[in-house]
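Starting from the structure of chain A, add chains B, C and D where the hints point.
Number of protein chains: 4
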Amino acid sequence: MNDSSHSNMVKPEDTPELRQLYADFASEHLSPLWTQIEDLVPFVPSPKAVPHVWKWDRLYPLAERSGDLVPVGRGGERRAIGLANPGLGGKAFISPTLWAAIQYLGPHETAPEHRHSQNAFRFVVEGEGVWTVVNGDPVRMSRGDLLLTPGWHFHGHHNSTDKAMAWIDGLDLPFCYQTDVGFFEFGSDRVTDYATPRFSRGERLWSHPGLRPLSELKDTVSSPVGAYRWEHTDRALTEQLLLEDEGQPATVAQGHAAVRYINPTTGGDVMPTIRAEFHRMRQGTVTAPRREVGSSVFQVFEGSGSVFLDGNENKLGKGDLFVVPSWIPWSLQAETQLDLFRFSDAPVMERLHFDRTLVEERRR
Amino acid sequence: MNDSSHSNMVKPEDTPELRQLYADFASEHLSPLWTQIEDLVPFVPSPKAVPHVWKWDRLYPLAERSGDLVPVGRGGERRAIGLANPGLGGKAFISPTLWAAIQYLGPHETAPEHRHSQNAFRFVVEGEGVWTVVNGDPVRMSRGDLLLTPGWHFHGHHNSTDKAMAWIDGLDLPFCYQTDVGFFEFGSDRVTDYATPRFSRGERLWSHPGLRPLSELKDTVSSPVGAYRWEHTDRALTEQLLLEDEGQPATVAQGHAAVRYINPTTGGDVMPTIRAEFHRMRQGTVTAPRREVGSSVFQVFEGSGSVFLDGNENKLGKGDLFVVPSWIPWSLQAETQLDLFRFSDAPVMERLHFDRTLVEERRR
Amino acid sequence: MNDSSHSNMVKPEDTPELRQLYADFASEHLSPLWTQIEDLVPFVPSPKAVPHVWKWDRLYPLAERSGDLVPVGRGGERRAIGLANPGLGGKAFISPTLWAAIQYLGPHETAPEHRHSQNAFRFVVEGEGVWTVVNGDPVRMSRGDLLLTPGWHFHGHHNSTDKAMAWIDGLDLPFCYQTDVGFFEFGSDRVTDYATPRFSRGERLWSHPGLRPLSELKDTVSSPVGAYRWEHTDRALTEQLLLEDEGQPATVAQGHAAVRYINPTTGGDVMPTIRAEFHRMRQGTVTAPRREVGSSVFQVFEGSGSVFLDGNENKLGKGDLFVVPSWIPWSLQAETQLDLFRFSDAPVMERLHFDRTLVEERRR
Amino acid sequence: MNDSSHSNMVKPEDTPELRQLYADFASEHLSPLWTQIEDLVPFVPSPKAVPHVWKWDRLYPLAERSGDLVPVGRGGERRAIGLANPGLGGKAFISPTLWAAIQYLGPHETAPEHRHSQNAFRFVVEGEGVWTVVNGDPVRMSRGDLLLTPGWHFHGHHNSTDKAMAWIDGLDLPFCYQTDVGFFEFGSDRVTDYATPRFSRGERLWSHPGLRPLSELKDTVSSPVGAYRWEHTDRALTEQLLLEDEGQPATVAQGHAAVRYINPTTGGDVMPTIRAEFHRMRQGTVTAPRREVGSSVFQVFEGSGSVFLDGNENKLGKGDLFVVPSWIPWSLQAETQLDLFRFSDAPVMERLHFDRTLVEERRR
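Taken in order, these protein sequences are the chains called A, B, C and D.
Residue numbering for the first sequence follows the numbering used here, starting at 1 and increasing by one per position.
Residue numbering for the second sequence follows the numbering used here, starting at 1 and increasing by one per position.
Residue numbering for the third sequence follows the numbering used here, starting at 1 and increasing by one per position.
Residue numbering for the fourth sequence follows the numbering used here, starting at 1 and increasing by one per position.
The following block holds chain A by itself, in its conformation from the complex (with noise of 0.2 Å):
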């Protein structure tokens, strides 16, 4: 036998023998396997999360009213609004690994230092004028940028303008619930340095291509740099779809460029549960569909296209979130050039060995 079903499976006769049994197992704190194998070892990963799309143009008014009706500060930390999976019971856990939320400052707000075991980043859809200090480092946030907090540093955000800004948070916060392994800390009430600087401390002393600071020649389990900048993003996946019109290998399939950011320390991933990466796809193209071991999150950075989602399509424009649970078969259509950041707890998936992809037979 071999088919793929527990259906006709061997089953124990309902007694009262049986049931005295079972209520013996409960009183121990016991719990026999064969009732719910189904459930716990599934053929395939069933998540319980579900494919979903979250449009900017709704999120973003909720988060203005939010500046409004609830103060920043200690305590709460942050005006960030979790995006809540529809099949995870209301927590706001956009997978069982991640974690992804609108955050808002309002003009001259501070959100206060803190640390935690939870790996952060944040990636900005629009807008500009807060600086996230990181570790004492000031880090400019801008349109198209993405700004580490690795854990265990501290970090707090402040806007230096008079108009709000709101940007997108992911961490693998949902993980470290599930796991028990955060700790967390505060810092100052305020940022510790208010300075404006165009390129942070880190940036100045890594963001050089090929290099290496001599002073800084151990490996770092997170990555040093803490600021991604759009010019470089932008640039790269430009040269990538150049150099496919030259007939170049360059792209991880006809017009779709594509990079990962990483951790210059080791050229992995920027963080140790967290995987950050850009694609750009040309005008017109449609990525195979595929089925990956854990769950992704994407953002539309510019222009409009659809994700089909366990085969169901949803319409996305600028801003638009939506995520991509274990197992569940995506492919991107583009309808002008789209733009898309994407995360996912990948790193998790590899340095455990549970990564599987299946990619399908391109429809015709």
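What the hints contain is simulated information worked out from the structure, not anything from laboratory work.
Some hints could be false.
Since the list gives no way to pick one copy over another, a pair counts as held whenever it fits inside one copy or between any two copies.
[Unchecked claim] Heads up, simulated BS3-like pairs for lysine-lysine below, C-alpha to C-alpha not over 27 Å straight-line:
hint : residue 1 : residue 2
1    : 91        : 48
2    : 91        : 11
3    : 315       : 55
4    : 55        : 91
5    : 218       : 55
6    : 163       : 11
7    : 11        : 218
8    : 163       : 55
9    : 315       : 218
Remember, it's a predicted structure, so these values are computed and weren't measured experimentally.
This is chains B, C and D only, laid out in the frame that chain A set:
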């Protein structure tokens, strides 16, 4: 401000507008951080799982009764009774990452072959007569042995004797369940080889200290050894204590010998998510209280003593099992010479850089 | 006894029997340790190679004269003049592991393509107009650039201008020669691509700080970048000194900025046997005398100063090269701001765990 | 053009000006590539070392005579007679990277303690009665054992019996000599511990298959085991051949069992520069001719057969040694069951990515 409490937090005023905002959040599948930060981002790990001890002399009779009432075969797959942490709502999870069960196989019974992404092992506290067949290689199970069935290895068990046998299964099943990584496949309804050799082929190829077959030079994700025999474990621990007697460094602490089971191709843990160790404490030895990120399960192999879990003493005898959830202080006290098997999710914590340990000053 | 000398050694008596024994050794291709141990196993590394300085204004005219008298083409392959360590018996080895040469290419000349196991690079102290074509990818060579041709990459050079150009070649050729590891193969008699793009394809794909093409996720033994441009090196060093001015940690020592060229896929050295670095010292800076296992070659890129080699001062000007054999103490003194390129065999020493460094107390 | 010859090379015209140029090169310590490229950059490795066989029945009597004529003690340090490759000009180097010597210790003699950067081992083809004391740990030396003294470990030897003993020393001494990496230090003039335990402390701590002491979790550059006993090697080889008989994959080729000695903390080679293996061939087995980058030394442990070195057959008996220089084709033929110990510089080649192997079609 730097005190360890969220109590004097900045809070929004409870107004109709705020309530409407929260309602609008809910309808858009959003959830604010500021109302749940205490739960989601605790100051130290705050596991839902609780410390708990299961007594072998309560477990074993229940397993025996299952042997009478519950058939073993395709569908239910295993006559395994999971230890359900009282803090985890009745699911058969001993911790958020680990599964521990007592499995029982009657005379001449067979548990059919299957494979799954979940990493598994068996540890034998008493008995003999069962062979587990792992990817076609029959592996004898005897008292004191650790037997591996790493992820995606086919495995089934058969009892070749007239007496029942029970043992402990350990898996990363809860971790896999929470993170949606598991695949499962049926194999043969019987085991593929009913031979009962004293040593498995994997042992004959690999269990020679400091030697590696030249035909097997590629490192493997999990240990290729398959069976770790009691005679080796016992001798290693005996030698450590003798070396200690001779004034040589060998034990982890005075009176406390310990070994880790390893993958000989890398020197690292036997499987990507599970660490396995064996500890021997001289009579009268007390360990310094420790807190560790991640959860552990211990089983007493021989001897008697106590475990202090979060300050509470629990008496231990042969076969008793207990779980230490993340960051719960624990220490052991040996009334007689005390032998314990231990497994944990430490490789997960270390590979993702969440590991932390706090050893408290020893009480005097 | 623990003094550092073999002088009062136990010696055999010089008898006819001993002489016969030694003769019998020789006829059986044997050789005793006890007569040569002082040479073979010194107390500290005792290189045959000596420290030496080559003056650019002596090298360059000789390279020019070679341009008139020696054709470049298949067979001789390169118009390269090796720096021959005076201690190494006339072989063109600057150290037992490293090769350094000045290579000269006249107007519109081509050095044909070939490939070899030896790892190579070029560094340009002055001039422009040559493109090196590496595995078909044309790479511009300009002042301050480091250009790689890792082992077994096809490469040829062509001068696309009306002016000659010279530069420095660095290789692990002596190491490969001593250990018999080298393979060599001819390629095209011309270069395969005479295009003269500003940036090579490798740079366009890889020279974006903190970003990795998703099409190139496999780590490579040598850096895929190919060209490290002066503008990046200069900016990295400038920023380090500015950060030092701001009181931030950034330099290796006060007044001493430095970068290592790295393979972005790993964060490690650019090639398995060769380390490359660039150092900038503020006017007046003096480095602490150091001894290091392994040999290094420096070239002054700009400025003037001195190097103290085994206690002897040597004046340095633009283009001058010097070698530091293993364990010879060296220190640098900057008369003006002093910019130096450095390469060494440090990766060999580190990968085989022979690396040691001794930094002497700074003279006051 | 792509033929494998430098013959039709472009050559400069032999003129007075060229001769003057060459003279000027010499006076400036320069040396052109184009006149020596054939020697420096060969098409395939062209070792100066030659294949050679040393007969044990010629070596041993010479060692005995040394025992009579040459004292052992501080200064000469060891009564070791190096095998001098006939192609390497009389230096006691068996290859450019490796040293092999027969060492002889008379009844109750002591070879004093010292340490050096060079990695060393001893292999015992016959005899017993000597203990080597490594960092204070006495290690019994018996037939078939491999004993390590990794770089910078203090070591001395003493013969506790009334009979002389001889064995083989292997080191990376020539490599260290060529690359100037060696340090040396005297230790005690006697050995620090004259105890004669059956098992060293290192073995008692480490020689348990698949187990690692919890007190020793840090990986070490070289193996902590120290002694690899014949009984384990023999059993591993025996099992491989039995598994082959059962139709199971276990041997490297039909009739050819082999193991590599490994560092249990990493699964890798025992020392950073030296690989050690043991091979057993069934009677009649012939290996496919191979070429490998790097050099190897073999010693026949038991049995008789032939080695074909660069096409020439050499008869082999117990104790005979032979060297295979880089890229020289070799194959073995077993007249009886043939047991061989092998060591090589393969870790150097692999860590620096110069390794290549060419297995020729087996002759029919």
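With identical chains treated as interchangeable, where does the CA-CA distance between residue 163 and residue 11 reach 27 Å or less: within a copy, between copies, both, or neither?
For residue 163 and residue 11, the Cα distance is within 27 Å only across copies (23 Å; inside one copy 65 Å).
With 27 Å as the alpha-carbon cut-off, assign the pair residue 91 and residue 48 to within, between, both or neither.
Answer is both: 12 Å inside a copy and 16 Å across each meet the 27 Å cutoff.
27 Å Cα cut-off: does residue 55 pair with residue 91 within a copy, between copies, both or neither?
within (19 Å within a copy, 36 Å between copies)
Quick one: residue 163 to residue 55, C-alpha cut-off 27 Å, is that within a copy, between copies, both, or neither?
within (22 Å within a copy, 61 Å between copies)
Reference check for the pair residue 11 and residue 218, CA-CA at most 27 Å: within, between, both, or neither?
neither (58 Å within a copy, 43 Å between copies)
If the cutoff is 27 Å on CA atoms, where do residue 218 and residue 55 land: within, between, both or neither? Let me know, please.
neither (42 Å within a copy, 36 Å between copies)
Have a look at residue 315 and residue 218 and pick one of within, between, both or neither, based on CA distance no larger than 27 Å.
Neither: 45 Å inside a copy, 34 Å across copies.
For residue 315 and residue 55, with the copy left unspecified, which applies at a CA distance of at most 27 Å: within, between, both, or neither?
within (10 Å within a copy, 57 Å between copies)
What label fits residue 91 with residue 11 when the C-alpha limit is 27 Å: within, between, both, or neither?
Answer is between: at 20 Å across copies they meet the 27 Å cutoff, but 36 Å inside does not.
Of the numbered hints stated above, those contradicted by the structure are hints 5, 7 and 9, listed in ascending order.
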